[in-house]
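**Q** From the two separate chains plus the hints, produce the assembled complex.
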Amino acid sequence: MSKSNSNMDAISKPLATLGRSVLFFAQILGSFRPDLKQLRAILGQVYFIGARSLVIIMISGFFVGMVLTLQSYVELSKFGATDSVGAVLALSLFRELGPVLTALLFSGRAGTSIAAEIGLMKATEQLSAMELMAIDPVKRVIVPRFIAGVISLPLLSMLFNLLAVAGGAAYAIYIMGIDSGIFWGNMVASVEFQSDFMMSFWKSLAFGIITSFVAVFSGYFTTPTGDGIGRATTQTVVVSAVAVLIVDFLITALMTWT
Amino acid sequence: MSEDLIKLTDLSFAWGEKVILKNINLSVPRGSVVAIMGPSGVGKTTVMRLITGQWVPTSGTVEVAGQCVSSMSHKNLYKMRRNIGVLLQNGALFTDLDVFENVAVPVREHTNLPEALIRRLVLIKLESVGLRGAVDLMPSELSGGMARRVALARASVLDPSLMLYDEPLAGLDPIGASTILRLIRDTNDAMEMTSVVITHSVEDMMELADYAYIIASQSIVGEGTPEELRQNTDPRIVQFLNGAIDGPVPFHYPADDLHQDLLG
Ligand SMILES: Nc1ncnc2c1ncn2[C@@H]1O[C@H](COP(=O)(O)OP(=O)(O)O)[C@@H](O)[C@H]1O
Ligand SMILES: [Mg+2]
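If you read the sequences in order, they're chains W and X. Following this note's numbering, the numbering of the first sequence begins with 1 at its first residue and continues without gaps. Following this note's numbering, the numbering of the second sequence begins with 1001 at its first residue and continues without gaps.
Excised from the complex, chain X in its bound form (with noise of 0.2 Å):
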């Protein structure tokens, strides 16, 4: 048994010729709050694909609680999913259900539970993250934050023993932004959890983060805790934290061709 939940080992992945990630090493410690940052487009929601195995690494291997999950059937991943809970970059809520509806999803899925079981455990996640109130309001009546809120609720109501969360904090005013981080450290202390949390936003995870990762040009240029980060003087780290445009890192990125990647 080895103390990490997560183990990247010399994962590359791309599509087709495009090379995204190239020998990424990377591991996330049991309980601990571990930050993957970087400019955007770099491939880091492409990390989270692979750790819930919806992508499959072109080589390299990726092990979620000692399982190797590219090589998982069809039925252990679904079983490996039903133990992490993901927060999408847009929430991803269902259209067609409303607040307490969306949550209850993954209760309903999953258990057997009586209705007045399942309507306590809903509420109580919604009361968690402020929002019992708003039990009854469709998606389309929250705002942004709420919305990203109530995703948190239904991706942490099985209470998940892995939380990956992409982009929490993005398009949220301060206010939001940390009411989510704290929420973030909260479940992830209260429930012994771990967390893998996806930014570009460097300051706030310097705050939340135990341990963090830098992605640039497809692979790792810097990971410690965030004092280490702080006192790295490696140019490109430098250049990351503190968000200058130009530096060693080309934060321009070659444009995609993802139309003819897909007909093609």
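Here chain W stands alone, though its shape is the one from the complex (with noise of 0.2 Å):
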């Protein structure tokens, strides 16, 4: 490497993380064999991220549910219009905050610490002990992880969904008292397969490979120090959240402007 000073570094930089990013993904896709070994490999980590996070999704999401149906029930209700609080629960849940807080619940709980291991892994040596086994760590560490990550989070969304429509259910019928059948009937009514119940599909795909993406890179890319390993913990949360929401309003202006 050539001498830089820093007003090159304040472009070198960045444009250096964004080109090797790009190659790494490739690399992710490119060593993606779908053989018995990786198989297994992936479903275990699917287990092992759903193991972590299951729980957290379940409970954020049964109050997220209950939260949205008392503040839409407030609003609602000067209108004298509170039979439709299931319907603006189930959109509001299905179109942003069920993929969006999925997301960022998974890369706080399952992003870091797949980032924080491969990180340790990298600074123990692991990684390098498998190069030198003739083993690519990448198609044994990086590619399960990754996309056991692209596979949970569309699962871990379904999740959080269905508890929070349970837990808005649970507040607006046994607590506000509104007519159960009511309830259900204007929240099917209102959800479009395809524009509502995709979009949220769609979304948690993508965030998916965003979160996965970010924790696999940050961990296999940081310094192999404790203090690195730290650092590539808050990176994956910082940068999966930011990236998150881009991506979010990016893909709602797409599918509601088509």
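Everything labelled a hint here was simulated from the structure, so no lab data went into it. Honestly, I wouldn't trust all of these hints.
In silico DSSO-like links for lysine-lysine, alpha-carbon gap of 30 Å or less [to be verified]: (1) Lys-1075(X) <-> Lys-37(W); (2) Lys-1079(X) <-> Lys-1007(X); (3) Lys-1022(X) <-> Lys-1079(X); (4) Lys-37(W) <-> Lys-1022(X); (5) Lys-1007(X) <-> Lys-1022(X); (6) Lys-1007(X) <-> Lys-1018(X); (7) Lys-13(W) <-> Lys-1018(X); (8) Lys-1007(X) <-> Lys-1075(X); (9) Lys-1075(X) <-> Lys-1022(X).
**A** Take a look at the structure:
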């Protein structure tokens, strides 16, 4: 590497990171082989991620559902429209809050531990040892975690939505006393499969790719020290959150305009 | 066909502006145990990473079994490495796998042996390092010496023709150290391997090695059989062998700028 002054660094560093991300992403896709070894590793990782995230996703979903219902009930009652509380709940969940909040929780819980785990494997030379055993660490360590994350996020997001609807329904029907037939009827009538339900799916898939990639990237390219691992986990959460929110807007804009 | 399994020719390596190795010429004959010695931070591990093709020399060539390592494709590099066993400085065991699974990793990856055979192979290797009884332990439950021996079993489980040991004795008590030394010599002779042992400890190596190189200040300052080295009167070699702190070879290496190197 040649000498570079700080002005150059301000431009060249982000560019270098961007270039490195693109190459790494291509390398991950190129190393994806759905053979038995990799599939088994992916399943194992899905299980790990599930075990790490299920409880917080479920609890958060339930409470978000309740608070959404409570908030919209207060506003809707001003117009005497409290019957649509189920519709408001489902639409805001499927279109926005389900995928976004799940992605944020996912990167905070599973993403950070993936980044830390990979960073630690790097710091303790486990990744280097694999290379020396002629085992490609991208194939054996990175790909399973990345693919598992991409698979898990839509599933977790669905679970989040389910629990949030349950939480909202419980609140509306048992505490607010809304008729359960009206609640569910309004909800089902207002949700459209293509624009709402599938929007939820596409978003969570995109967020799955983003958060999983940021996690494996941060871990794999971290400075192999305790401090470096700490920075990798922080970076995972911050970069994931910002990227998810930006992409959320882009997908929403794209899907509403077309 | 040359008799040398490893041959470094006019090899130089630098991190940016910082030259680590300069004009290294070194060869390792088949079947021998060759030691690479030198003070900490002089670039011994670097030599190992150049031999395995993890790093690429700034100039010069690395040949293993007559093939140039630095110009190999990714695929050929990985093929070559299947024939090399490496014991890293800290063992680098996989922390999420128990002892058995650690040793089984290369077997599972590179062969399609049935489970019963894998079990036999792994247990035989563990027996040879005296740790068959530790088969169910996790790496965190092992002492430093035990971890080193498990790593040794893992590195040699597929009977490679070349073994590289990076500081195999560092941090071990005298008994642990002599156990490892004996294992290195025994595996080398029994399996007709070639071994490269990297170390900064002089005494043990002079016992073990057939031939030794001493690296100091970026280049090789001495080489020969242990006997030749002992008789050598070059003050730099005498200084190293006697462990004198001050002498013609400055033992204080310039402070490294790893941080800036990595970010810059
Ligand atoms: N990634 C790196 N970037 C810059 N310098 C490095 C890097 N890795 C090692 N070095 C430097 O290379 C030199 C040789 O390191 P090494 O081969 O590990 O020494 P040894 O194994 O002989 O103790 C050291 O001075 C070290 O600071
Ligand atoms: Mg070293």
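**Q** Now look at each hint and say whether the structure bears it out.
**A** Each hint, compared with the structure:
Between Lys-1075(X) and Lys-37(W) the CA atoms are separated by roughly 19 Å; this keeps the pair inside 30 Å, and the hint holds. At roughly 19 Å between alpha-carbon atoms, Lys-1079(X) and Lys-1007(X) fall within 30 Å of each other, so this suggested pair holds. Distance restraint check for Lys-1022(X) and Lys-1079(X): the Cα-Cα separation of roughly 29 Å lies within the 30 Å cut-off, and the hinted pair is therefore satisfied. As the CA atoms of Lys-37(W) and Lys-1022(X) are separated by approximately 43 Å, the hinted pair breaks the 30 Å bound.
The straight-line distance between the Cα atoms of Lys-1007(X) and Lys-1022(X) is roughly 15 Å, inside the 30 Å bound, and the hint therefore holds. The straight-line distance between the Cα atoms of Lys-1007(X) and Lys-1018(X) is roughly 24 Å, inside the 30 Å bound, and the hint therefore holds. Between Lys-13(W) and Lys-1018(X) the CA atoms are separated by roughly 21 Å; this keeps the pair inside 30 Å, and the hint holds. For the proposed pair Lys-1007(X) and Lys-1075(X), the alpha carbon gap of about 21 Å is at most 30 Å, so the pair holds.
With a C-alpha separation of about 29 Å, the suggested pairing of Lys-1075(X) with Lys-1022(X) holds against the 30 Å cut-off.
Violated hint: 4 only; the structure is consistent with all others.
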